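Undergrad: Please construct the entire structure, taking both the sequences and the accompanying hints into account.
Just so we're on the same page, my numbering is the position in the first sequence counted from 1, plus 33.
Treat the hints as calculated values from the structure; they're not laboratory data.
Please read these numbers as outputs of a predicted model, since none were measured by experiment.
One thing to keep in mind: the hints can contain errors.
Cut-off 25 Å, straight-line C-alpha distance, at most; resulting in silico cross-link-like pairs (DSS-like, lysine-lysine) [as the list claims (entries may be wrong)]:
1) K701 x K649
2) K365 x K243
3) K908 x K886
4) K401 x K385
5) K435 x K406
6) K435 x K412
7) K862 x K876
8) K560 x K613
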Amino acid sequence: MGSEALDKGYEPLTVEARWYNYWEEKQLFAACEENGKRSYSIVIPPPNVTGVLHMGHALNVTLQDILCRYKRLRGYNVLWMPGTDHAGIATQNVVEKKMAQEGLDRHRLGREKFVQAVWEWRREYGSAIINQLKRLGASCDWARERFTMDEGLSKAVRKVFVDLYNEGLIYRGSYIINWCPRCRTALADLEVEHEELEGNLYYIRYPFAKKKGGVVIAATRPETMLGDTAVAVNPDDERYRNTEADMLILPIVDREIPLIRDKYVDMLFGTGALKITPAHDPHDFEIGRAHHLSSIKVIGDDGKMTADAGALFEGLDRFKCREKVLKALEEKGLLEKIEPYRHSVGHCYRCKTIVEPNLSTQWFVSVKPLAKKAIAAVKNGDTRIIPGMWESTYFEWMNNIKDWCISRQIWWGHQIPAWTCERCNEMVVGMEAPDNCPVCGGDRLVQESDVLDTWFSSALWPFSTMGWPDETLLLRLFYPTSALVTGFDILFFWVARMMMMGIHFMGDVPFKDVYVHALVRDEEGKKMSKSKGNVIDPLTVIESYGTDAFRFTLAAFAAQGRDIKMSEKRVEGYRHFVNKLWNAARFTLMHISEGYEEIPRNDLSIPDRWILSRLKETTSNVVEALDAYRFNEAAGTLYKFVWHEFCDWYLEAVKPTLYGRKGPDRQKAAKSVLGRVLRDTLVLLHPFMPFVTEEIWHKLPGTKGSIMETVFPSDHPGAALMVYDEEAESEMNLIISVITGIRNIRGEMNIAPSRSLNATAQTKDEAIKETLNRYAEIVKDLAGLQSFSVGEPGERPKSAATAIIEGATIFVSMEGVIDFAREADRLQKEIDKLGGELRTVSKKLRNEDFLSKAPADVVEKVREKHRVFIEKQQKLQSNLERIRELNS
RNA sequence: GGGCGGGUAGCUCAGUUGGGAGAGCAUCGGCCUUACAAGCCGAGGGUCACAGGUUCAAGCCCUGUUCCGCCUACCA
34 MGSEALDKGY EPLTVEARWY NYWEEKQLFA ACEENGKRSY SIVIPPPNVT GVLHMGHALN
94 VTLQDILCRY KRLRGYNVLW MPGTDHAGIA TQNVVEKKMA QEGLDRHRLG REKFVQAVWE
154 WRREYGSAII NQLKRLGASC DWARERFTMD EGLSKAVRKV FVDLYNEGLI YRGSYIINWC
214 PRCRTALADL EVEHEELEGN LYYIRYPFAK KKGGVVIAAT RPETMLGDTA VAVNPDDERY
274 RNTEADMLIL PIVDREIPLI RDKYVDMLFG TGALKITPAH DPHDFEIGRA HHLSSIKVIG
334 DDGKMTADAG ALFEGLDRFK CREKVLKALE EKGLLEKIEP YRHSVGHCYR CKTIVEPNLS
394 TQWFVSVKPL AKKAIAAVKN GDTRIIPGMW ESTYFEWMNN IKDWCISRQI WWGHQIPAWT
454 CERCNEMVVG MEAPDNCPVC GGDRLVQESD VLDTWFSSAL WPFSTMGWPD ETLLLRLFYP
514 TSALVTGFDI LFFWVARMMM MGIHFMGDVP FKDVYVHALV RDEEGKKMSK SKGNVIDPLT
574 VIESYGTDAF RFTLAAFAAQ GRDIKMSEKR VEGYRHFVNK LWNAARFTLM HISEGYEEIP
634 RNDLSIPDRW ILSRLKETTS NVVEALDAYR FNEAAGTLYK FVWHEFCDWY LEAVKPTLYG
694 RKGPDRQKAA KSVLGRVLRD TLVLLHPFMP FVTEEIWHKL PGTKGSIMET VFPSDHPGAA
754 LMVYDEEAES EMNLIISVIT GIRNIRGEMN IAPSRSLNAT AQTKDEAIKE TLNRYAEIVK
814 DLAGLQSFSV GEPGERPKSA ATAIIEGATI FVSMEGVIDF AREADRLQKE IDKLGGELRT
874 VSKKLRNEDF LSKAPADVVE KVREKHRVFI EKQQKLQSNL ERIRELNS
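TA: The following block contains the structure:
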C-alpha cells in the first residue's frame, strides 16, 4: 500500500471493528497443526458462560493476548485455546431465576426438561462473554472454542472419574460437608467464604440425670443442641473429675446423654465442656465416631428443622429455631449467660447464604497422593510459578490439602457415571450406562443423580480441550502448554487441580509457566463488586477511550506482586499516548513515500544513528521484559521510547533535514531511518496496541498484508546492523544537554520563545567542538537561537546567562533582557544544589575504607563524578561573581 | 492462630545480583513553534513507615516494632 494521509485525531471505534474482522477472515489467529515452527500454547481460563466481562477478565485476556501476539511475531506456532465453563451452580441459578419470572420452577419441569432449557439458554446467551473478549482484541483460535459440557470434554470427565474410582482415589461416604440450604447442594471447603461476624456465646446448663447441679457448656449455634448426643470434657480437667459415671439431661429434649472424655476439648475455652452434635459439626463428627455416638440430624437440607428436632421445632427455619430454643432455655432457667462473641462464619461463595455443616453422603477425591506429585513438579522446576512468592502459597495449600467433595446436588453439570442396581443395590461405575447388573443381572439400574463440581471438569481443561482421551496431534504439538495466565484467586480452585490432574493423566505438567497476575481493584483499592457499586465496566472504558488505550493501561500497571487500582483517568493518560503515536505516524507519513532502504552508516547523521541505537536498546528491553512476564516494564520502555526519544528528540532534530535544508542525500537518509523506526516501533507496540498499529501499518509504504504476519525487529534479517552505538549516544547526549541548558535559561529567565537569542559554547575539547559545530543547526532550531557559535574558552560575552554542561560552558547572550539579580539567583540555586551532591561524593573519597575496599570501577566512577562537579562548581562560581560585578 | 504481600513526591506506583531516588497524573510559570493544546518548553516537590544491625556503602540484606491489605484455619 502507498502512503496515505492520516486524519488529525485517532478514532478507535471504527478502526477496531474493521481490523478484528480482517484478522478473523484471514485466519491469523489459527494455530497450525502441521508446521515445523516452535510451538507456543496457552489455554484461556474459561470464563463462566453466565459471565459478563469484568476488569479481571480484561487484564487476564490482555496479558495473554500480548504474549500470544508477541510469540507469533517471534515466529512461533501459537495456539491460544479459548472456551467457556458451564459453571454448574451459577448457571443453574441464572436459569432458575429466569424461569421464576415466568412462573416456572425446575421441580415442576423435571430434570430432563430443565437441562434442556439450560442448553437453550446457553445457545441464546452463552456467547455474550466471548463477543466481549473479542472487543478486547483477543486473538484466540476461535475455531477451536470449547465448552466444558461439550461431548468430548464430557468424555474426558467420565474417563477421569472412572479411572480415579478404579484406582481407589474417588470414594463415596457419609461425612460432614458444607451445605448451602439455598442452593441445596454440598460445597467443597474452598467454596465456603469465611467472614468474621458478631455473634454470641451462649452458656447453657445441662443438668445431671441423677444428682443436683449440672455441666455448663458454651455454644454459638444453640439450635444444634437438639441433636446433641454427648457432652465432652478434657480427661485432664480437674473440674470434671468426680462426674465420671454421670449422665446428663439434654434440656428441652429431655434425652439422657453421656458425659465423655476427649483430649480434643480445650480446657481454657468457655467452661471446658463441649456439647457434641455429630451430625452438624466436623469435630463433633470425629469425636462421635471415636466414642460410638449416634448422629441425629436436626437441620434439614432446606435449612429448616427436621422431625428429629422435636415437634416443637419441626419445620422452623434454623435461625428462628435458635431464638425459640433460647427462649425455652431461659424459661427453664438453664441459660446461664450470653457473651458477645466474634467468630468467622462460612458463607456460600455463590449466593452468600450461611453454610450449614451437615452430615451427608457425598463423593470425594482423595487428593493427597495427587498433591504429592504436584508439589514435586513445582519443587523441581517442571512448572515455574511467577512471581515466586506464589510458590510458597501453593506449597502451603498443597501440603495441608484435604479430600475434595466433588458431588453437587444440582442438575446442570456432568452427572456422575455411577449406577445402582435397584434389585441388589450393587453400584457400578463406568464410562457408559450398563445394561445389566454385573452381580445379579438385573436390568434396572439407576444413575447417581448428583453432578460433579464444575472445577472437576475445569481441572482437565489443558488436555480435555485438545482432544484427550484420544491421542491427538494437537496434544502432541501443544501439551504441556507454555504458560498459564491467571489471577491468584483461583490458584487453588483451578491451577492446583489442573496440576494434579495433568500430571496424573498426562504424565506431564499442564504448563511450564504459571504467571499469576494481580487483582484489579477500584480507585481506593477496594475489590470491585456489584453490591458496592464501584464496578468499572471494561466495555464502557473501551467505548470512551478505545481498546488500545485500555490495554496499554492494563499492561502498564501490571507490575508483579501488586494489585491494580483502576480509574478512568489513567486510561485517559494512555489514550493520549495512542494519539501521540498516531500523530508521530501522521508526521512520518507526510515525509516518506517509499519503503525502508538500508543506508550506509557513514551517510547517517548522529540523530539518525542515535535513534537507531535507542531502537535497538528498546527492542532488547522489550524482549527481556516480556520473556520475564514484566509487562509493565515492556510498556514503560515503549512509552518512553516513542514519546521522549522518538517524538521529543528525533523528530524535532530531523525536521530541518526532512525539509531539505541539508541536501537531498541527507534527506533521503533521514526519510529512510524515519520509516524504519516507525515500522519497527509499530511491531514492538503491536502486542500491546493491536488496532492502531495495524491501522498505521496499512498506510505505511513498503508493508504487505497484516502487521501480524511480519517479523519481530530483533529477528529481522537486518537486525545484525542494529547495535548499541556508543559514539552516537554520547554525541547526542551532548547536543541534548546543550539544548536543555539553553531552554532552562529561557524558562527560568522568563524569555518568550518567540524571542531569538544568541548563544556561544566555549570548550577546549576538540571532539565537543567538532560535534557542536556539525550540529549547530539542530541546537539553533531546538533551543530557539538566532546564532550559535563554538569557540575556545576566552572572553565571555557581556550580559550573558550561563549554562555549564560537561566539558563546555554555554553563554546565552541577553543584551537588553538580562535581569542580573535573577541570573545571580539562578546560578546560586544551581551552586547550592551541586554543593549537596559534591559533599556526599567528597565524603566518600575521604573515606580510606571506601578507597581500599570498594571495587576499583566504583571508586573511579566516584572520582570522575567529583572531578566533574568541581569543574562545574568553579565555573558557576566565577560566572556568578561576574554577574554580581556587572550588577553593582 | 498460621502464612503472604505492602508502607518511596500531593495522588497512583516503578525501582531485578547493595554503589547517581525515578515515572505518570496533579501543581506552578511560559507558549496555538507548519505531526499532535489529547500538544510543546521549563520548574518546584521525597528523614524511601519507625528503631536497631551487617557493610567502605542500605529504598534494596538481617532483626524487632507499628500500620494496612489479602489468603488460610475445626477453640465450641
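Undergrad: Verify the proposed pairing of K560 with K613, using a straight-line Cα cut of 25 Å.
TA: 32 Å, violated
Undergrad: Could you grab the alpha-carbon distance between K401 and K385 and see if it respects the 25 Å cut-off?
TA: 29 Å, violated
Undergrad: Check the hint pairing K862 with K876 against an upper bound of 25 Å on the C-alpha distance.
TA: 22 Å, holds
Undergrad: If you draw a straight line from the CA of K435 to the CA of K406, is it 25 Å or shorter?
TA: Satisfied, since the Cα-Cα distance of roughly 15 Å is no more than 25 Å.
Undergrad: Keeping to a limit of 25 Å between CA atoms, is the pair of K908 and K886 held or broken?
TA: This hinted pair is violated, its Cα atoms lying about 33 Å apart.
Undergrad: Need the status of pair K701, K649: alpha-carbon distance at most 25 Å?
TA: With Cα atoms ~21 Å apart, K701 and K649 stay inside 25 Å; holds.
Undergrad: Hinted pair, alpha-carbon criterion (25 Å max): K365, K243. Please report holds or violated.
TA: 18 Å, holds
Undergrad: Taking only the CA atoms, is the gap from K435 to K412 under or equal to 25 Å?
TA: 20 Å, holds
The earlier numbered hints that this structure contradicts are 3, 4 and 8.
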